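Take a look at the letters that make up each chain.
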Amino acid sequence: MKKNITLYVNDEPRELLVDVKRTLLDVLRNDLGLTGTKKGCDMGECGACTVLLDGQAVTSCLVLAVETDGREIKTIEGLGGDPGQLHPVQKAFVEKGAIQCGYCAPGMVMSAVGLLNENPAPTEEEVRAAMAGNLCRCTGYVKIIDAVLSVGKRGRENG
Amino acid sequence: MDDYAVVGKPVVRVDALEKITGNAIYGTDIKIPGMLYGKIFRSTCAHGKLVRVDTSKAERVKGVRAVVTGKEFPITHGSAWIKDQPFLAIDKVRYIGEPVAAVAAIDEDTAEEAAQLIQAEYEELPAVFDPLEAMEPGAPLVHENLAQYAHAEAFHPLAGTNICNYFKVRLGNLEEGLREADYVLEDRYSTPMVQHCPMEPHAAVAQIDASGKITVWTTTCSPFVTRGELARALQIPMTKIRIIPTWVGGAFGSKQGPKLEGYCIALSQKAHGRAVKITHSRSEEFACSLARTACISQFRTGVQKTGKICAVEVKLIWETGAYSSHSPAVSRNAGFSAAGPYKIPHIKIDSYCVYTNNPIMGAMRGFGIPEVAWGLESHLDMIAAKLALDPLEFRLLNVVEEGTTYATGERLHSVGLRECLEKAAARIGWQDPPVGKFTGKGIACMHKSTGTPSSSAAIVKLNEDGSAVVLTSAGEIGQGVATILAQIASEELGVDMERLQVSRPDTDLTPFERSTSSSRNTFHTGNAVKMAARDAREQILAIASQVFHVPPADLEIRRSKVFVRQEPEKSISLEKLWRAGIYSQQQLPIVGKGIYSTAEVYDPVDPETGRSKSPSVFWMYGAQAAEVEVDIETGRVNVKRVVAAHDVGKAINPQGCEQQIEGSIANGWSIAILEELKAEKGKVLNDSFADYKIATALDVPRIEPIIVEAKHDLGPFGAKGLGEPAFAPTAPAIANAIYAAVGVRIKDLPITPEKLLRCLQQKKEGSAG
Numbered sequence: 023m024k025k026n027i028t029l030y031v032n033d034e035p036r037e038l039l040v041d042v043k044r045t046l047l048d049v050l051r052n053d054l055g056l057t058g059t060k061k062g063c064d065m066g067e068c069g070a071c072t073v074l075l076d077g078q079a080v081t082s083c084l085v086l087a088v089e090t091d092g093r094e095i096k097t098i099e100g101l102g103g104d105p106g107q108l109h110p111v112q113k114a115f116v117e118k119g120a121i122q123c124g125y126c127a128p129g130m131v132m133s134a135v136g137l138l139n140e141n142p143a144p145t146e147e148e149v150r151a152a153m154a155g156n157l158c159r160c161t162g163y164v165k166i167i168d169a170v171l172s173v174g175k176r177g178r179e180n181g
Numbered sequence: 018m019d020d021y022a023v024v025g026k027p028v029v030r031v032d033a034l035e036k037i038t039g040n041a042i043y044g045t046d047i048k049i050p051g052m053l054y055g056k057i058f059r060s061t062c063a064h065g066k067l068v069r070v071d072t073s074k075a076e077r078v079k080g081v082r083a084v085v086t087g088k089e090f091p092i093t094h095g096s097a098w099i100k101d102q103p104f105l106a107i108d109k110v111r112y113i114g115e116p117v118a119a120v121a122a123i124d125e126d127t128a129e130e131a132a133q134l135i136q137a138e139y140e141e142l143p144a145v146f147d148p149l150e151a152m153e154p155g156a157p158l159v160h161e162n163l164a165q166y167a168h169a170e171a172f173h174p175l176a177g178t179n180i181c182n183y184f185k186v187r188l189g190n191l192e193e194g195l196r197e198a199d200y201v202l203e204d205r206y207s208t209p210m211v212q213h214c215p216m217e218p219h220a221a222v223a224q225i226d227a228s229g230k231i232t233v234w235t236t237t238c239s240p241f242v243t244r245g246e247l248a249r250a251l252q253i254p255m256t257k258i259r260i261i262p263t264w265v266g267g268a269f270g271s272k273q274g275p276k277l278e279g280y281c282i283a284l285s286q287k288a289h290g291r292a293v294k295i296t297h298s299r300s301e302e303f304a305c306s307l308a309r310t311a312c313i314s315q316f317r318t319g320v321q322k323t324g325k326i327c328a329v330e331v332k333l334i335w336e337t338g339a340y341s342s343h344s345p346a347v348s349r350n351a352g353f354s355a356a357g358p359y360k361i362p363h364i365k366i367d368s369y370c371v372y373t374n375n376p377i378m379g380a381m382r383g384f385g386i387p388e389v390a391w392g393l394e395s396h397l398d399m400i401a402a403k404l405a406l407d408p409l410e411f412r413l414l415n416v417v418e419e420g421t422t423y424a425t426g427e428r429l430h431s432v433g434l435r436e437c438l439e440k441a442a443a444r445i446g447w448q449d450p451p452v453g454k455f456t457g458k459g460i461a462c463m464h465k466s467t468g469t470p471s472s473s474a475a476i477v478k479l480n481e482d483g484s485a486v487v488l489t490s491a492g493e494i495g496q497g498v499a500t501i502l503a504q505i506a507s508e509e510l511g512v513d514m515e516r517l518q519v520s521r522p523d524t525d526l527t528p529f530e531r532s533t534s535s536s537r538n539t540f541h542t543g544n545a546v547k548m549a550a551r552d553a554r555e556q557i558l559a560i561a562s563q564v565f566h567v568p569p570a571d572l573e574i575r576r577s578k579v580f581v582r583q584e585p586e587k588s589i590s591l592e593k594l595w596r597a598g599i600y601s602q603q604q605l606p607i608v609g610k611g612i613y614s615t616a617e618v619y620d621p622v623d624p625e626t627g628r629s630k631s632p633s634v635f636w637m638y639g640a641q642a643a644e645v646e647v648d649i650e651t652g653r654v655n656v657k658r659v660v661a662a663h664d665v666g667k668a669i670n671p672q673g674c675e676q677q678i679e680g681s682i683a684n685g686w687s688i689a690i691l692e693e694l695k696a697e698k699g700k701v702l703n704d705s706f707a708d709y710k711i712a713t714a715l716d717v718p719r720i721e722p723i724i725v726e727a728k729h730d731l732g733p734f735g736a737k738g739l740g741e742p743a744f745a746p747t748a749p750a751i752a753n754a755i756y757a758a759v760g761v762r763i764k765d766l767p768i769t770p771e772k773l774l775r776c777l778q779q780k781k782e783g784s785a786g
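Chains as they are written, first to last, in our numbering: chain B, 23 to 181; chain L, 18 to 786.
Next comes chain B alone, as it looks inside the complex (with noise of 0.2 angstroms):
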């Protein structure tokens, strides 16, 4: 069965068709050419299909587009400025370091993002738990929660 639905993604309204058991994960993917969330297990354990959700960081492979009707959705290729400009958190990934094979960094990018945005200056212990549910093979998260850390740094001396 298909429905109708109208999607807010990165700021632009998507009308598209879609089979209702379809996820937001393979919708962005395969219907709006939006590879830059990663599918890593389709079982929501791996955390590389993490975008925002009114906000909110969710994986997207656990939701289904039709529950995403008329919502708003913030992709990776969706948080910069302009072209060339880098969201704080994607421009702190670059110059600490946590980036190797990149597979997870989106998801990692979404999910630190969602955290910051409702904990703007968050201890190591809050980045940590907060970024659990997001995989890594390469980094061992070093570089990563330094990235996080030093933005949500920022934020507390920015008062």
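Calculated from the structure, these hints are not laboratory results.
Quick caveat: nothing in here was measured; it's all calculated off a predicted structure.
Idealized CB from N, CA, C, for every residue including glycine.
Treat the hints with care, as some may be off.
[As the list claims (entries may be wrong)] Negatives, chain L to chain B, calculated, CB over 12 angstroms: (1) T45; (2) D124; (3) E125; (4) M399; (5) K403; (6) S471; (7) S562; (8) K728.
[Stated by the list, open to error] No farther apart than 30 angstroms at their CA atoms in a straight line, the calculated lysine-lysine pairs in the DSS-like style are these: (9) K48/L - K25/B; (10) K118/B - K440/L; (11) K322/L - K764/L; (12) K24/B - K322/L; (13) K113/B - K48/L; (14) K781/L - K118/B; (15) K332/L - K657/L; (16) K657/L - K781/L; (17) K43/B - K48/L; (18) K578/L - K43/B; (19) K26/L - K578/L; (20) K230/L - K100/L; (21) K118/B - K728/L; (22) K657/L - K175/B; (23) K66/L - K24/B; (24) K578/L - K96/B; (25) K118/B - K764/L; (26) K764/L - K113/B; (27) K332/L - K478/L; (28) K695/L - K66/L; (29) K478/L - K25/B; (30) K118/B - K66/L; (31) K230/L - K43/B.
[Unchecked claim] Computed footprint of chain B on chain L; a stretch qualifies when at least three of its residues, placed anywhere within it, have a C-beta under 8 angstroms from a C-beta of chain B: (32) 20-33; (33) 258-267; (34) 702-712; (35) 734-742; (36) 752-760.
Starting from the known structure of chain B, arrange chain L on it as the hints suggest.
Chain L only, in chain B's frame:
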């Protein structure tokens, strides 16, 4: 003190921007117009004759465009070592999950539905799931035709058995060495089947054009290995198959050689050349892609009271599962290194690679060294304990150094091991008393060779405006090689990194690269790039010398400007050389070539003794110290810190070195504490991240990397390699720390709370009785 412009300096990775914006295209992201989606139908029988495959129902599903079985494509591939693996089962299946048929359809759901309608009939054969049982005379034979398989000369399958490789080392005289010993200890250790768990599953897309040319996009690390194997298997010239590696989302040894490409090609052939894409599900990644060889290691070591090691005997049993993959090479290379980085005159090693009907096991980061180091470094600590020697001092007494002649006859060069041990120990506070009750520190070290002989080629070509492109087939799989090569080219050529670009690999376009593996690329590809950059520089200087009317030897290039060395105010930018028309006057495009090979350096290993004056162009060394606290109520181990000192020769990119060390140790911790791929009668039980736990951001200990530089005369700027070494010492360092903390020794990974509690209980009962 080295004074380089970019080598050794902090630089931002050249691939960071593309990856962090979501623009990087991985194998799983490829989409071609008209593309079909493939699905593999797999055996549910661990060992049996394949009597019949009925694909008729699948073929009738609306949306299915192609179905293939082994009978239609009866070709073998597998790794380069032993040609034992059909890419679709032909007359026999040997493991649960073995591909039997494949189907391509207009979407994934249709392909999945069709695959489920395929029926296969098996006549079950007795199966064997334990490598020791598989070595017994009379065990069911997984490959009864082993004697007929083509295999590389360096390998020795034993006909009529399940042993697909036997490697031995006989140096000195073991019995004589043991007689000199004051104390002999025998020990047995094991590591189970574990999985690489790259975040990106395997994926491939194949398309065939009207002329029959096959283009393949794939998650391979080593496109020339993949191309060579496929061209040979399909019996086509290499001009008819093009491998384009996509960005790789992690590999750790699982993405070498053909994986899914063959199925995509076969289906595309049946679908009139339409692109066919196959992606592994995570369950397929766990249960039937590639796992790491399970290893049993047995040691018998003789030492003198002083702590001097006289002799060591090692027996290694590597379980490779149903097909050999790279395991024969693992059993050989790790077997060769199994006595460790120590001065031992009498060494006897027997290393066996064994088939069973479990899923395929093969190489993982470290190529067998982590499995061997687990056993050896734990074993050495038990000896130290028995002799009441400090484990650090015991190692320092025996370790190899610059200029040591190893038992094989090789005179070692670039050996930073002593410095690694001393620095790791100093940083962890080795001499400090333990803080808290059940706490302790442990240390472990390692050595690893790199595949020799091998070769790499590179081209550096100048754009007309003086910017440059490096053409290379080294795979950027996360390890940071693209950045390293950019740094090397920039330094050698004199062009700023901002004006320099490193190509992506493509077997039609970029020059030959043996492989991306074996921690070899900084050294081999780096040398090739350095040579190509130097060649390009000389061509530029030949032109520029006509501008300044001085010989080229009096000129140099820095920051994209050509200078007269003695009169630096006389300079011209590369771009100006172009604008002034000087290049166009010459009509000579500048193309620098670099070809680096270690064929001349290599001395073949004697198959009877293991002797060789030069088995490996360089050796990597490292030491790690761990500090743990054990909870004796729950059996949980809190690994508080791991200090890691690794000898890299020269750190071209220090941040990149930290990245490799940190990632390796997180994996090493995970393997030590959490990981075991469990199988029952050949069926994998924990094929998801829910049931096969790996380290999360909450788990990893504090990691402190220390870079040691024992420059290598042949390495680019003295550099060696670092992709694999830091994965080896972590587990034994942790186990040694646990022993220091609570006096119990776990010999079989992983170190679970249950095992620890059981050992603590046994110890309590032992001392009570």
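Between K478/L and K25/B, does the CA-CA distance stay at or below 30 angstroms? 54 angstroms, violated
Regarding the pair K578/L and K96/B, is the alpha-carbon distance no greater than 30 angstroms? 45 angstroms, violated
Taking 30 angstroms as the top limit, are the C-alpha atoms of K230/L and K100/L close enough? 25 angstroms, holds
K118/B paired with K440/L [C-alpha distance capped at 30 angstroms]: 25 angstroms, holds
When you check the alpha-carbon spacing of K43/B and K48/L, does it fall within 30 angstroms? Given pair K43/B, K48/L holds - Cα atoms ~22 angstroms apart, limit 30 angstroms.
Compute the least Cβ-Cβ separation between K403/L and chain B, then decide whether it is above 12 angstroms. 34 angstroms, holds
Would the hint linking K118/B and K66/L be met if the CA-CA limit is 30 angstroms? Violated - the C-alpha atoms of K66/L and K118/B are around 55 angstroms apart, more than 30 angstroms.
Against chain B, does the stretch 20-33 of chain L show at least 3 residues with beta-carbon separation below 8 angstroms? As far as the stretch 20-33 of chain L goes, the hint holds, because 4 residues have Cβ atoms under 8 angstroms from chain B.
Check the hint pairing K66/L with K24/B against an upper bound of 30 angstroms on the C-alpha distance. 44 angstroms, violated
Holds or violated: K578/L with K43/B, Cα cutoff 30 angstroms? 61 angstroms, violated
Can you confirm whether the C-alpha distance between K657/L and K781/L stays at or below 30 angstroms? The given pair, whose Cα atoms are some 26 angstroms apart, holds under the 30 angstroms limit.
Whether S562/L stays farther than 12 angstroms from all C-beta atoms of chain B, as the label says: 39 angstroms, holds
When the structure is compared with the earlier hints, violations turn up for hints 1, 2, 3, 12, 14, 15, 18, 23, 24, 25, 26, 27, 29, 30, 31, 35, 36 and for no others.
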